[in-house]
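Trainee: Going by my numbering, the first residue of the sequence shown is number 1, and it counts up by one from there.
Keep in mind that the hints were calculated from the coordinates and are not lab data. Computed from a prediction, not measured in an experiment: that's the story for all the values here. All clues stand as given, with none of them false.
Computed Cβ-Cβ distance ranges for the label pairs, DEER-style:
hint, residue 1, residue 2, range
1, LYS159, PRO183, 30 to 38 Å
2, ASN274, LEU147, 32 to 40 Å
3, GLY213, PRO183, 12 to 20 Å
4, TYR5, ASP152, 43 to 51 Å
5, ARG184, PHE83, 53 to 61 Å
6, PRO91, ARG324, 50 to 58 Å
7, GLU174, PRO91, 35 to 43 Å
8, ASN277, LYS159, 28 to 36 Å
Distance condition first, Cα-Cα at most 25 Å in a straight line; then the derived BS3-like pairs of lysine-lysine:
hint, residue 1, residue 2
9, LYS39, LYS29
10, LYS19, LYS120
11, LYS120, LYS230
12, LYS18, LYS120
13, LYS122, LYS18
14, LYS138, LYS212
15, LYS230, LYS284
16, LYS212, LYS186
17, LYS7, LYS19
18, LYS29, LYS81
19, LYS237, LYS120
20, LYS237, LYS122
21, LYS122, LYS212
22, LYS120, LYS284
23, LYS19, LYS39
24, LYS11, LYS237
25, LYS138, LYS122
26, LYS29, LYS18
Idealized CB from N, CA, C, for every residue including glycine.
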Amino acid sequence: MKSNYIKEILKEYEQIRKKNEQALALRRKEVYEKIPRLKIIDAELASVGAGIARIALSGNSDSASALERLRAHVDSIRREKAFLLTEDNFPLSYMELQYDCEVCRDTGFDSSGARCNCFKQKLISKAYRMSNIEDALKTENFETFNLDLFSDKPYAEEKLTPRQNISQNLSICESFTLNFGNPREKNLILYGQPGLGKTFLCNCIAKALIDKGHIVVYQTSFRILEILEKHKFSREKDLAVEMAYELLFDADLLIIDDLGTEMTNAFTNSELFNILNSRLLSSKKTVISTNLSPLDISQVYSHRISSRINAYYTPLEFFGRDLRLVSQSKKHR
Numbered sequence: 001m002k003s004n005y006i007k008e009i010l011k012e013y014e015q016i017r018k019k020n021e022q023a024l025a026l027r028r029k030e031v032y033e034k035i036p037r038l039k040i041i042d043a044e045l046a047s048v049g050a051g052i053a054r055i056a057l058s059g060n061s062d063s064a065s066a067l068e069r070l071r072a073h074v075d076s077i078r079r080e081k082a083f084l085l086t087e088d089n090f091p092l093s094y095m096e097l098q099y100d101c102e103v104c105r106d107t108g109f110d111s112s113g114a115r116c117n118c119f120k121q122k123l124i125s126k127a128y129r130m131s132n133i134e135d136a137l138k139t140e141n142f143e144t145f146n147l148d149l150f151s152d153k154p155y156a157e158e159k160l161t162p163r164q165n166i167s168q169n170l171s172i173c174e175s176f177t178l179n180f181g182n183p184r185e186k187n188l189i190l191y192g193q194p195g196l197g198k199t200f201l202c203n204c205i206a207k208a209l210i211d212k213g214h215i216v217v218y219q220t221s222f223r224i225l226e227i228l229e230k231h232k233f234s235r236e237k238d239l240a241v242e243m244a245y246e247l248l249f250d251a252d253l254l255i256i257d258d259l260g261t262e263m264t265n266a267f268t269n270s271e272l273f274n275i276l277n278s279r280l281l282s283s284k285k286t287v288i289s290t291n292l293s294p295l296d297i298s299q300v301y302s303h304r305i306s307s308r309i310n311a312y313y314t315p316l317e318f319f320g321r322d323l324r325l326v327s328q329s330k331k332h333r
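Model the full structure from these sequences, guided by the hints.
Mentor: Here is the structure:
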């Protein structure tokens, strides 16, 4: 991911730090005007701090006692500073630098040197800004899911009504997000005809996990195929494509929507298996949405793919009338 995206994000962090430093300068000015004594105290703290550093480096025999006196003086004027601030109803942190992200202190990297979650999420936002998923999540999430849209009457030969079935699927999807960190929690495959809420539930899962700070990548199978082809066959490497390719493997959750709508051949079978298997080996979760039944999948894709899905994915069947057609018929009544 050594790309212009990284440079852009690091520049964003620089601007955030500058913004927060300017805000601190304004707060200091406000406090100094109201409590002039604090400006003197801060200057004295800076001076004494420099003195402590010099004495510590000098190595003189009397340095220990001198350091003790200076530290006692620092404690005394700090107490005075705290008293003056609280007496004038300023919080003690008012004259301290505030961070947008306390974990990385607006650097993008945590104390171990690893990329902070806020850095990762900025990468996701940049790479998938054009996917419109951010807009979809505003209206399609667990809070807005409406069971009343689904019929509570028997459907065909099914044992459950569509509403009972979707209620069961909804509970399993919510449980998936609640137990996301549990290695024993299986992946999910949502299957059934179009217009039954599969994509909506995928968006619900995505929103819930993004809100928890997880890295979620949502792509259609057709778009994934495009990424794979460009990564493998393009003569010149596209940085955006390379980042999108890496995220297919590295994201905490990969949601593959509309599996089966892409053109399937030896290449797609091989690459799809590579993604699914690599994610299983690295304990990364995957959710698949498809119009194909488990039997269809075994006929369309290789045995290696169907066997992985059968073994490591919880199947959720969707049935009933196409909600889009139901909505249209109600409008025309």
